[in-house]
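In the order they appear, the protein sequences are chains A and B.
Quick note, the first sequence lines up with residues 1 to 481 if you use the numbering used here.
Quick note, the second sequence lines up with residues 1 to 361 if you use the numbering used here.
Simulated from the structure, these hints should not be mistaken for laboratory data.
Predicted model, so just to flag it, every value in this text is computed and none were measured.
Heads up, the beta-carbon is just placed ideally off N, CA and C, and yes, glycines get one too.
Take these hints with a grain of salt, some might be off.
Result set (DSBU-like, lysine-lysine): computed pairs, CA atoms no more than 35 Å apart in a straight line [said to hold, decoys possible]:
| hint | chain 1 | residue 1 | chain 2 | residue 2 |
| --- | --- | --- | --- | --- |
| 1 | B | Lys212 | A | Lys427 |
| 2 | B | Lys4 | A | Lys189 |
| 3 | A | Lys427 | B | Lys207 |
| 4 | A | Lys472 | B | Lys207 |
| 5 | B | Lys202 | A | Lys472 |
| 6 | A | Lys448 | B | Lys74 |
| 7 | A | Lys176 | A | Lys464 |
| 8 | A | Lys427 | B | Lys356 |
| 9 | A | Lys189 | B | Lys202 |
| 10 | A | Lys470 | B | Lys211 |
| 11 | A | Lys469 | B | Lys4 |
| 12 | A | Lys427 | B | Lys82 |
| 13 | B | Lys202 | A | Lys470 |
| 14 | A | Lys186 | B | Lys207 |
| 15 | B | Lys211 | A | Lys366 |
| 16 | B | Lys202 | A | Lys427 |
| 17 | A | Lys469 | B | Lys202 |
| 18 | B | Lys356 | B | Lys108 |
| 19 | B | Lys206 | A | Lys469 |
| 20 | B | Lys298 | A | Lys473 |
| 21 | B | Lys74 | B | Lys206 |
| 22 | A | Lys190 | B | Lys4 |
| 23 | B | Lys178 | A | Lys464 |
| 24 | A | Lys192 | B | Lys356 |
| 25 | A | Lys472 | B | Lys4 |
| 26 | A | Lys464 | B | Lys206 |
| 27 | B | Lys82 | A | Lys464 |
| 28 | A | Lys41 | A | Lys62 |
| 29 | A | Lys176 | B | Lys207 |
| 30 | A | Lys448 | B | Lys207 |
| 31 | A | Lys186 | B | Lys298 |
| 32 | B | Lys108 | A | Lys427 |
| 33 | B | Lys211 | A | Lys469 |
| 34 | A | Lys470 | B | Lys4 |
| 35 | B | Lys67 | A | Lys473 |
| 36 | A | Lys448 | B | Lys206 |
| 37 | A | Lys186 | B | Lys202 |
Taking beta-carbon pairs under 8 Å as the criterion, some of the chain B residues facing chain A (in silico) [unchecked claim]:
| hint | residue |
| --- | --- |
| 38 | Ser6 |
| 39 | Gln9 |
| 40 | Lys78 |
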Amino acid sequence: MSYFNVEEKVEEYKKLLNDSVDFSSRIYKKDDQEVSLIFLKSIIDQELLSNAVFLPLQTYEKPLDIDNLQNKILKCAEVKEIKEEKVIDEILNGRVIIFTNFSDKIIAIDLFKFPTRVPTEPPTSPVIQGPREGFVEDIQTNITLIRRRLKTDNLVIKSMEIGTESKNKVAMCYLKDVANDDLVDKVYKKLKSIVINGVVDSYYILSFLEERPDSLFKQVGGAEKPDIVVSKILEGKVAIIVDNSPIVLTIPFIIIEDLQNSNDYYTNHHYSSLIRIMRLIGLLIAILAPGSYLALQIYHYNILPLNFLITIADTTLGLPFTPFLEILFIFLLFQILYEVSLRLPSYLGLATSVVGALILGDTGIKAGLISPPGVIIVALSKIALYTIPEQASQITVLQVVFIILGGALGVMGVTAGLIYLVNYLNKIDSYGTPYLAPYSPRIPADLKDAIITSAPTQMDELPKSFSPKKSKKVEVKKDEE
Amino acid sequence: MKNKISMRQAGILILILIFSNKVLLLPALMFDYVKGDAVISLILIFALEFISVPILLKLKQTFQDQKLYDILQKYLTKYVAKVLYVIFLIFIMLKAILTFSIVYVYFKQQIYQEEFVSIALIAFLPIMNHATISGLKPMARTMELFFFVILCGFLFCLGIAVYTPLSVPDFFVASAGKIFNSIYRYAFAFGDFIFLFMMIEKIDYKKSEEKKIYFYAILGYVLVILLFVLFYAKYEMTSFMHNDALADLLAYSVRFNAIGRLDIIAILTLLFTTIFQMEIFCYAFCDSLINIFPLMDKRYSVAIFDVFFLILYYVFIGNYEIMVDATVTYFPPLGIFIAFVFPILIWIISRIERRKNEKTT
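Isolated chain A (complex conformation) (with noise of 0.2 Å):
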């Protein structure tokens, strides 16, 4: 009894998958037994296929039999039965599939395979001491990973599939004796109800997670370093691996994640403190300086101090613009650069700084175009600005904000304009978890993993501002006390 025409469902599937050119197919004939194998070879391991596949096959002299072809004759670690309305989705998930005329049971081999990057220490998050891997592209890679990190049962990893046309696989990790129920429910949902074509980044899926996909501000977090994503899982936190991405997602998200840094956890306590002081001032900075700077040029003049109010006047004297046009117009000119120096090539960098700060800033003073407070105000608040990469682009749009509140109202626009920002701020929760906490709300036991930090030894519990199941990081049993 015939069961499969395997010609015909080479040419069936081979229509079915659009004549592609990477699509192979490989028919055995042994007496009156036939198998073929059908596979995209672009997707799939060869050198496994040859050794695993076709050479146990060539030499296996007895007649074929299902049970054995499965069990036996392939040497590979996956080999499953499949209906045949999942063969399309199978071959494009690099499996072979195998149809034969003895029998009515269609199997798939695991062969997937395409190129990977090693993990490498990724370029935004380099680190002075402490691991240096990063993720890749390849969520597989990605989850081993974190499993090496985390050798738990507790850990689970959830599985399902985003994207319509680019059925990418979406893994939600996290431990299930820490994240709060609610959460991992609300963002499992959140997850299953996306609905999208094609996921080529997990940015792609992040604003389908926020809660206030309009704000400006990021709700959800991402890293690309697998000892920053295993630190907040044990934290509580649920992270969500995509496919094709580096980066992994992370929620819920708290605006002082992005002055936390991992070289912090790897250092003194009493240093880190320091940094992220300082971090905090390069924020205010960034954020500040270009509308406090115009406030106090075009109302406030008086409140700066005489040495300082000279030098302005004689620096800005005979300037064609008013100051409020002279910041725009540097503000400008600092933006054109930057965004010519990420899109030029490396080797015209230099050529682009020299223009940039030599001719466009050194000649534009020397013109009388811009004066030299106005030009150290504005790249002292885009210098500033990298103290918090994570932040960049808002910060850039809340720059513009400023300079228009000082410009037009001076220092109560600023003042405001602060206090409207921290207010809407405020509103923002990401996944029940306020947004500025642990300071507002004041949440006094996050407070040592906050600006100021503890020591590592003091860190003994786990942040609330997330809702954890337990409270103590490590849970001491009862007789070991």
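Once you have looked at the hints, place chain B on chain A.
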């Protein structure tokens, strides 16, 4: 708890309100009336006003999450509750205008050299409106975050004053009658606990955290009393001429001239405090309005606040002296009622309720 503020946030809110109307013009006005005894008068007012704290906590314990309006309605009928809320509306609006006028004059003199009516309005009104629409929780959280800034600014001003030549102010110069009369005369600048009474259902009450409310109220009182003492010690008999007490504490600080102009600290402290006070006034006004007209949308109530505020603002902004004069001449009964009589009324109500509960149990 959802949409509720913590006891600490409530404490910070009351501390910010205690600064309201008291740190700029009031020390000079009170000195003009009772000289150095203004400090005694202030301590007496604070002592009387402080009774509101245990009353407030008892009310919260007794009625838990009930709204003040509902409590008043239950015990004093619907019409009396509405009348009381209309009185609150008047008090809040007048207080908002008075606070804003005083700060406006200060800023005009200090940092904005010319008229800046529109600047002040553009800076203040949208932020008050936004905070009100956002709700009490984000507002209280924002205050909690900036509390440290306000406290540091205030302590800095007091600290600098210590380093200038000071003399012990003369106490017991005015008669007892005049001191008591000053309590009546300046009562309108007080009565800030009314705002906590009005927001009582939004406080996440925890018995173990009661001390936080006491702490912040006492801290506010101590800071204001210190300000009065240092101000009088610094300016002595000319105190009545200095209308900007907090900022004037920083003047003539020769030792710190090398740093530059220090009054930016006072300016920023006042700006933060005033914006928060105005947010609370706007929120309380809209909340009262919604209680009187339950079907009213929050946005409409904000619009009504803006209209009233703008009208009164333009009427009084050029007649700042008339406003201050009216405050000490016509408004004292309103201040006395809000600051001292209303809490007693509330205390009686909670007592009756507790008796009733005791009987039923």
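Regarding the pair lysine 67(B) and lysine 473(A), is the alpha-carbon distance no greater than 35 Å?
41 Å, violated
Is the straight-line distance between the alpha-carbon of lysine 211(B) and that of lysine 366(A) 35 Å or less?
63 Å, violated
Restraint check for lysine 356(B) with lysine 108(B), where alpha carbons must lie at most 35 Å apart:
Roughly 55 Å separates the two Cα atoms, so the pair is violated.
Holds or violated: lysine 192(A) with lysine 356(B), Cα cutoff 35 Å?
54 Å, violated
Tell me if the interface restraint on serine 6(B) is satisfied: Cβ within less than 8 Å of some Cβ in chain A.
At about 6 Å, which falls below the 8 Å cut-off, the nearest Cβ of chain A leaves the hint on serine 6(B) intact, so it holds.
Could you check if lysine 78(B) really has its C-beta closer than 8 Å to a C-beta on chain A?
Lysine 78(B) check fails; min Cβ-Cβ to chain A is 34 Å, beyond 8 Å.
Given hint lysine 427(A) paired with lysine 202(B) - CA-CA distance at most 35 Å:
Roughly 16 Å between the alpha carbons, so the hint for lysine 202(B) and lysine 427(A) holds.
Is it true that the CA of lysine 212(B) sits at most 35 Å from the CA of lysine 427(A)?
24 Å, holds
Hinted pair lysine 41(A) and lysine 62(A), Cα distance within 35 Å
Judged against 35 Å, a Cα distance of about 29 Å means the pair holds.
Within a Cα-Cα threshold of 35 Å, do lysine 469(A) and lysine 4(B) meet the stated pairing?
23 Å, holds
Restraint check for lysine 448(A) with lysine 74(B), where alpha carbons must lie at most 35 Å apart
47 Å, violated
Check whether the Cα positions of lysine 74(B) and lysine 206(B) lie no farther apart than 35 Å.
With Cα atoms ~25 Å apart, lysine 74(B) and lysine 206(B) stay inside 35 Å; holds.
Of the hints listed earlier, those the structure fails to meet are numbers 6, 8, 15, 18, 20, 23, 24, 27, 35, 40, in rising order.
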